[in-house]
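Novice: Protein sequence lines, in the order shown, are assigned to chains A and B. In terms of numbering that gives the first Met the number 0, the first sequence opens at residue 0 and continues consecutively. In terms of numbering that gives the first Met the number 0, the second sequence opens at residue 0 and continues consecutively.
No lab work stands behind these hints: they were computed from the structure. Predicted, not measured: the structure shown is a model, and the values here were computed from it. Keep in mind that the hints are not guaranteed to be accurate.
List of simulated lysine-lysine pairs, DSSO-like, C-alpha gap at most 30 angstroms [what the hints assert, rightly or not]:
id, chain 1, residue 1, chain 2, residue 2
1, B, K78, B, K100
2, A, K220, A, K85
3, B, K78, A, K244
4, A, K220, A, K243
5, B, K71, A, K85
6, A, K243, A, K200
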Amino acid sequence: MRDIFRLITSLLLLLSAEQALACERDEQCLNANEWQLGIALGIGFTSNPLVDGDNIPLLVLPDIAWYGETFYFDNGELGYQWLDGKKSSFVTYLNVDKERAFFTFWHPANILLPLNRFNQVTAAEDPNQSGPEQLPISIDDVGRRNWALMGGGRWYYRPDNAEWQLSLEKDLSATHNGEKLEISYQHFWQWSSFHFSTQVKMTWKSSALVDYYYGLDEHDKVDPSYFYQASSGWQPAVGLTLQKKIQNNWLWLTRVSLQKLHSGMTNSPLVEERNIFSVFSGFAYQF
Amino acid sequence: MVLCAVALFAQSAIAQSPLWQVQPSICISQQEGENCEFEVDITLLNLPAGQYCVALVNTVLRCATGAEFPLKITMLINKNSELRLLNSAQEILISHSLIVKSQQANMQRRRLRNPWSLF
Chain A
0 MRDIFRLITS LLLLLSAEQA LACERDEQCL NANEWQLGIA LGIGFTSNPL VDGDNIPLLV
60 LPDIAWYGET FYFDNGELGY QWLDGKKSSF VTYLNVDKER AFFTFWHPAN ILLPLNRFNQ
120 VTAAEDPNQS GPEQLPISID DVGRRNWALM GGGRWYYRPD NAEWQLSLEK DLSATHNGEK
180 LEISYQHFWQ WSSFHFSTQV KMTWKSSALV DYYYGLDEHD KVDPSYFYQA SSGWQPAVGL
240 TLQKKIQNNW LWLTRVSLQK LHSGMTNSPL VEERNIFSVF SGFAYQF
Chain B
0 MVLCAVALFA QSAIAQSPLW QVQPSICISQ QEGENCEFEV DITLLNLPAG QYCVALVNTV
60 LRCATGAEFP LKITMLINKN SELRLLNSAQ EILISHSLIV KSQQANMQRR RLRNPWSLF
């Protein structure tokens with residue numbers, strides 16, 4: 000144990016001996032101790048994989064970041080940077096698990112709720128129409144899912160024009176007590192005033208996390224035949240971002256991503272899509 | 000003999016070339032890019048009597064006769080600049096560099112999340 004501690008300490012000291020490199024890409028750099036605020040207006044959406052789930056509209060995208068010497072806040076993530084080297088960085092952070100967002104935008108189910116209730120009452124009264132297949136899962140019957148506060152550590156490695164990230168995070172709010180492991184590779188290109196980045200990502204979500212959001216049990220007040228215990232799994236994703244500086248603080252921004260969901264989640268009666276697709280295109284202004 | 004002649008020539012050249020003393024020449028600002036106000040003492044050396052002007056690059060700050068020196072001039076700059084001494088024909092006689100240093104230089108940080116990644 001002592002040897003492992005020594006090894007980690009030596010490794011951190013060795014890595015921290017590297018000098019922090021001046022930022023090479025404009026969009027990745029900012030002045031310390033200053034807020035960076037931006038707003039993008041455009042059109043886009045993130046698909047919602049839930050049954051009757053409404054797509055999450057993306058019309059306004061904010062960009063909010065502040066970096067001190069070691070602390071930072073970047074688009075909802077509060078963190079502390081332990082290591083800021085030329086090639087490597089290490090941070091610990093707190094952020095909110097975005098899984099809950101799919102339940103927030105479940106509008107159509109709310110609209111259809113009275114009709115669903117009527118159908119259930121009718122089915123219960125008419126023995127000929129009974130059977131689990133005819134009982135829709137109503138948003139009203141599914142128990143409330145809460146936001147979870149995640150805490151974790153992330154390591155960065157930056158070869159030329161690229162970035163590897165490895166992160167491990169855990170629910171600190173005891174909402175679902177789940178974990179998430181993420182490994183991603185991002186490559187950056189620049190051609191004239193165009194900046195491109197492509198990202199490949201693999202995310203592992205623990206069974207506690209997946210089951211909390213997509214599992215169904217007695218708390219959900221649905222017919223027991225719908226009960227489902229969701230399980231852990233890997234979710235691969237790819238993404239592409241294009242930016243073109245127009246003039247002064249204006250830029251054109253386009254973002255596309257596709258995430259494949261694992262069977263332990265998609266087999267849930269609550270989930271009807273196997274992928275999450277997200278697209279946004281618009282004009283952004285950085286203050 | 001030759002060495003003595005060279006030394007005498009050099010001495011007379013120094014004595015004749017216009018000289019001035021500007022103090023201080025470094026101004027310390029709080030933040031990089033912030034205006035820095037400082038008062039400089041200007042003393043003329045080896046200059047004949049006459050009218051002289053002190054200019055911050057191309058902006059004349061004060062004109063005075065040689066007898067009115069040394070002068071105290073307050074100025075405001077936010078980046079490295081140049082103080083010039085002009086003669087009555089507005090020709091540059093001497094110049095002196097003024098340097099602005101900040102206590103807290105603007106440190107550039109590399110972002111750890113992708114921009115526009117809130118949603």
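Novice: Work down the list of hints and note, for each, if the structure agrees.
Specialist: Each hint tested on the structure:
no.: 1; hint: B:K78 with B:K100; in the structure: 8 angstroms, holds
no.: 2; hint: A:K220 with A:K85; in the structure: 54 angstroms, violated
no.: 3; hint: B:K78 with A:K244; in the structure: 28 angstroms, holds
no.: 4; hint: A:K220 with A:K243; in the structure: 50 angstroms, violated
no.: 5; hint: B:K71 with A:K85; in the structure: 47 angstroms, violated
no.: 6; hint: A:K243 with A:K200; in the structure: 24 angstroms, holds
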